[in-house]
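2 protein chains.
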Amino acid sequence: MKQHMKNTVTVFAPASVSNINCGFDIFGFALDEPGDEIVMTLNDSGKVTIDAITGDEGLLPKDTEKNTASAVVQLYLNQLGLQQGVGIVLHKKMPLNSGLGSSAASSVAALVAINTLMGNRLTRRELLPLAMEGERLACGNAHADNVAPSLFGGLVLLRGYNPPDTVQLPVPENLWCGVVHPDVSIPTREARQMLPTMIPLRDAVTQWGNVAGLVAGFYQNDLELIGRSMQDIIIEPVRAGRIPHFYAMRDLAMKAGAVGFGISGSGPTVFTFCESEKQAQLINEQLSSLLNEHAITNQCYVSKINQQGARIEPLTSDL
Amino acid sequence: MKQHMKNTVTVFAPASVSNINCGFDIFGFALDEPGDEIVMTLNDSGKVTIDAITGDEGLLPKDTEKNTASAVVQLYLNQLGLQQGVGIVLHKKMPLNSGLGSSAASSVAALVAINTLMGNRLTRRELLPLAMEGERLACGNAHADNVAPSLFGGLVLLRGYNPPDTVQLPVPENLWCGVVHPDVSIPTREARQMLPTMIPLRDAVTQWGNVAGLVAGFYQNDLELIGRSMQDIIIEPVRAGRIPHFYAMRDLAMKAGAVGFGISGSGPTVFTFCESEKQAQLINEQLSSLLNEHAITNQCYVSKINQQGARIEPLTSDL
Numbered sequence: 000m001k002q003h004m005k006n007t008v009t010v011f012a013p014a015s016v017s018n019i020n021c022g023f024d025i026f027g028f029a030l031d032e033p034g035d036e037i038v039m040t041l042n043d044s045g046k047v048t049i050d051a052i053t054g055d056e057g058l059l060p061k062d063t064e065k066n067t068a069s070a071v072v073q074l075y076l077n078q079l080g081l082q083q084g085v086g087i088v089l090h091k092k093m094p095l096n097s098g099l100g101s102s103a104a105s106s107v108a109a110l111v112a113i114n115t116l117m118g119n120r121l122t123r124r125e126l127l128p129l130a131m132e133g134e135r136l137a138c139g140n141a142h143a144d145n146v147a148p149s150l151f152g153g154l155v156l157l158r159g160y161n162p163p164d165t166v167q168l169p170v171p172e173n174l175w176c177g178v179v180h181p182d183v184s185i186p187t188r189e190a191r192q193m194l195p196t197m198i199p200l201r202d203a204v205t206q207w208g209n210v211a212g213l214v215a216g217f218y219q220n221d222l223e224l225i226g227r228s229m230q231d232i233i234i235e236p237v238r239a240g241r242i243p244h245f246y247a248m249r250d251l252a253m254k255a256g257a258v259g260f261g262i263s264g265s266g267p268t269v270f271t272f273c274e275s276e277k278q279a280q281l282i283n284e285q286l287s288s289l290l291n292e293h294a295i296t297n298q299c300y301v302s303k304i305n306q307q308g309a310r311i312e313p314l315t316s317d318l
Numbered sequence: 000m001k002q003h004m005k006n007t008v009t010v011f012a013p014a015s016v017s018n019i020n021c022g023f024d025i026f027g028f029a030l031d032e033p034g035d036e037i038v039m040t041l042n043d044s045g046k047v048t049i050d051a052i053t054g055d056e057g058l059l060p061k062d063t064e065k066n067t068a069s070a071v072v073q074l075y076l077n078q079l080g081l082q083q084g085v086g087i088v089l090h091k092k093m094p095l096n097s098g099l100g101s102s103a104a105s106s107v108a109a110l111v112a113i114n115t116l117m118g119n120r121l122t123r124r125e126l127l128p129l130a131m132e133g134e135r136l137a138c139g140n141a142h143a144d145n146v147a148p149s150l151f152g153g154l155v156l157l158r159g160y161n162p163p164d165t166v167q168l169p170v171p172e173n174l175w176c177g178v179v180h181p182d183v184s185i186p187t188r189e190a191r192q193m194l195p196t197m198i199p200l201r202d203a204v205t206q207w208g209n210v211a212g213l214v215a216g217f218y219q220n221d222l223e224l225i226g227r228s229m230q231d232i233i234i235e236p237v238r239a240g241r242i243p244h245f246y247a248m249r250d251l252a253m254k255a256g257a258v259g260f261g262i263s264g265s266g267p268t269v270f271t272f273c274e275s276e277k278q279a280q281l282i283n284e285q286l287s288s289l290l291n292e293h294a295i296t297n298q299c300y301v302s303k304i305n306q307q308g309a310r311i312e313p314l315t316s317d318l
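In the order they appear, the protein sequences are chains B and D.
Each residue of the first sequence is one higher than the last, beginning at 0 in numbering that gives the first Met the number 0.
Each residue of the second sequence is one higher than the last, beginning at 0 in numbering that gives the first Met the number 0.
If you are wondering where the hints come from, they were derived from the structure by calculation, not from laboratory data.
It should be emphasised that the depicted structure is a prediction, and the values quoted were computed from it without experimental measurement.
Covered stretches of chain D (in silico footprint by chain B; criterion: 3 or more residues with CB under 8 Å from a CB of chain B, positions within the stretch not fixed):
1) 158–166
2) 190–197
Some residues of chain D that are not near chain B, with every Cβ distance over 12 Å (derived):
3) Ile52
4) Glu56
5) Leu59
6) Arg135
7) His244
8) Leu289
Residues from chain D shown here face chain B by an in silico Cβ test under 10 Å; the list is partial:
9) Phe23
10) Val204
11) Ala211
12) Gly212
13) Tyr218
14) Ser228
Beta carbons: idealized from backbone N, C-alpha and C, even for Gly.
Let the hints inform the model, and build the full structure from the sequences given.
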C-alpha cells in the first residue's frame, strides 16, 4: 500500500550561514551539514507536543508555545484551520546559539514535516512566513536569512521584507565552505543588541559597494571578485571581539589562500570560502589547532553550498 | 599618408546617470546623448590652453588649472613626463550642474583626446584615476560613478575605491532610458553637503538589499526585479525637495508603466527605465508637459544604455 497517507515522517533541515560579511541580514546559504532532524507523527491527542529532544543538553524548552518547532506547527495548523494531534521528536544535530541558524533549522524541519504529513497543502514559498515567525519567537526578530536557505537550499538574497522577496543567486562551481564552531555561546538576541543603531553614510556606501560586488561575483563565477567583496566594516568590528581569536583565525585562513573569511550569522562560528574541498579541510584543521592550543573545544564542518534545502529522509521501515 | 601622427582629434564623451536609486556612489551608466565634444590640437606653445568653449553660457572657467578638461590633460602630461603644447576647444552639448555628469564628460573627452594624440600610451583603465582627479577639481570629491561609465560605456559598478575597482554589469535587452532635465541648477558640491553623515543601520540594510536586488536583476535580465529594487530611502528623500514636482513626476512615470524612476546623480535631472523606446518617449512627453505647465523649461532625451563610452569622431577632413 504505497499510496496510503503516511502518519510519520523524518525531515532533515540544514544549518545555514547568514550575512556573508558585507551582506548583513540579506544573504544566507545552506550547508550539507550540520542540521536538525525531526521525526513527526500524527496522533489523536488533538494537541501539538514535543515528545523528546536529543542533542540539546536539556537547554531547549518543551512547551508547545515556547519551542520553535512546535510553535510553528501550531501556526501552520491554525492558518489552515486544522485541528490535529502531532508528536514531535527533535534531534538537534548541531550546536545551539552557534550562528549557524539552529532555530531556523528546527522551524524549517518542523514545517516541512507537518506540510508533508498534511499532503503538501502549502508550497515551500508559502512556508517561509511561518518559518520567519519561528525566528521571531527564537530571537525577537522575524529575519529570513537563515530560514530561507534552510528551506529552499542554495545561496539566497533577501531583497526585502514587505512581503518577503527572495532571489536564488547562482552558486559558483568549485566553491567550498569550511565552518568552525568554537564552543562559546552568543545568543542571537544579545548579538543583535550590541549593534549600532546609526552608522556613517560613508561606511554604508563602502558596504553596499561590496554587496553589489559579491552579487556580481556570484553571477560571474569570479572567486577573486567574491573575495575582494567579502569585507564588512560595520558589523564584523563589533562582533569580532566576542569571538575568541577571530583576527588570528582570519590571518591563518587568508594566508592559507582562502577566498574569504567571515562570521557566520552573529557568531561565534566562523566560515571560509575555499576553492577546493582539500583547502577547506586544511584551513579548518589550522583553525581548530589554534583554538585547541587555547583550550577552546570546537567542531568543524566542510561542505559545498547545499542546493536542496530541507529534505524528507527515507523511512527505515514503512509504517 | 594614413599612418602619420595626427595632430588634431575630436572626441565625444557621453553624459551619464549615476546612483540608480539605492546605489548611491556605486552605480552609473552612459547615455547615447547628450554629451561633450572636444576638439584637441597639438601645438608648439608648450602649454595646455582652453582656446574656446561653446554651449556653457560663459559659466566655465578657461584657466588651465581650473577647467577640468585642461587640468586633466596637464595631469596626463605630467604623469608621463611629457611637455607638449595643447589647444582645447570644448563644445558643451549638455546642461551644466544637471546631474548628468557634465564635468565627467569633459574630463573623459579631454583624456581620451590627449591619449589618442599621444599614441594611446595609457589604457582606458589607466585613464580612470586621472578622470577621477577631474571630478575632485569639479566638485570636491574624486568619485568615479560618472567618469567610469562615460569612459568605458555600459552599466558600471564601482565596488571600491582603493584602488578603483570597476565591474561592468550586463545591460538588459530592451531597457530604455528616458531623461528629463528641468532648468534648475543644483551644483554637485552643494548637493553632497545636504546629505546626512549618519544614517540608521536599519535603513542601510534596506538599501543594500535593494542594491543586491538591482545587480541580480541586471544579470537575470529581470525588469520586474530591477523595478522592485529601484528604491532609495536614504538619499532621494533629502534631494527630492530640490527637484521641482519630483513626486508628481514619479507618480506620472510609474502610472505610465515605467520600470523605475529616480534622480540622475544629484539632480535635478530625473530618469526612467522603460521597456521600450516608445514608452520612454511617451513618459518624457508627460513629464515635460507637467514641467511646462509650471513654466519650468526642460530638455528631454531618450537613449539605450550606451555600451561604447567615449568615442573618437571621424574627421571631416584629413589634416
